[in-house]
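Protein chains in written order, with the numbering used here: chain A, 1 to 107; chain B, 1 to 116.
Keep in mind that the hints were calculated from the coordinates and are not lab data. What you are looking at is a predicted structure, and each value in this text was computed from that prediction instead of being measured. Be aware that one or more of the hints could be misleading.
As the list claims (entries may be wrong) - Pairs of lysine-lysine, BS3-like flavour, derived with a Cα cap of 25 Å:
#1 A:Lys94 - B:Lys57
#2 B:Lys9 - A:Lys54
#3 A:Lys54 - A:Lys99
#4 B:Lys57 - A:Lys99
#5 A:Lys54 - A:Lys94
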Amino acid sequence: GIQVEQSPPDLILQEGANSTLRCNFSDSVNNLQWFHQNPWGQLINLFYIPSGTKQNGRLSATTVATERYSLLYISSSQTTDSGVYFCAVYRDDKIIFGKGTRLHILP
Amino acid sequence: DSGVTQTPKHLITATGQRVTLRCSPRSGDLSVYWYQQSLDQGLQFLIQYYNGEERAKGNILERFSAQQFPDLHSELNLSSLELGDSALYFCASSLTGSAQNSYEQYFGPGTRLTVT
């Protein structure tokens, strides 16, 4: 089946820093979504981005479907950005999640 | 608040028992998805319903079953529970739900199941 790999697995940054999270997938997909799981366990939609670039405040995402990767950019990190970031791909009526990137922002 | 509700928030039960988790989708959403999140397996897709019909199956065990009712709420039934079933169970909903016309999913707060 399709493999979804996220990197890095863990990231510790100082407040105010920028970061780039990567999601690679092994085959073509119908759609891709980025989520943030906060320390309380809630899964929050960030981007629904099968291709192209989207921006929402300090966050932006780019998916290059032909090269099978997506990037999530976080600028001017805040402590509330801490948590786990997942990408999920849609393929053949199934949704496959990566293992996530655990981000810890230090005050 | 995503608009998706799940009950109960926490559930503690013993091995061999059966439990039912409930999910109400966002208003207007026709698709409901169930996921299991455990420490060793990560987030896994279990099953999807669309407008009352099963649409897709993931890694759902035979001991587990689900249904979606005419009012579009869904229930996930877990039976003959084992210690390894302890996990966070999420429900999500979307407007529609085919891979080709999939819409973004919105997640509920989850039900934390502990099997002792």
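Here is what the structure says about each hint:
{"no.": "1", "hint": "A:Lys94 - B:Lys57", "result": "holds, 7 Å"}
{"no.": "2", "hint": "B:Lys9 - A:Lys54", "result": "violated, 33 Å"}
{"no.": "3", "hint": "A:Lys54 - A:Lys99", "result": "holds, 23 Å"}
{"no.": "4", "hint": "B:Lys57 - A:Lys99", "result": "holds, 20 Å"}
{"no.": "5", "hint": "A:Lys54 - A:Lys94", "result": "holds, 24 Å"}
Hint compliance for this structure: hint 2 alone is broken.
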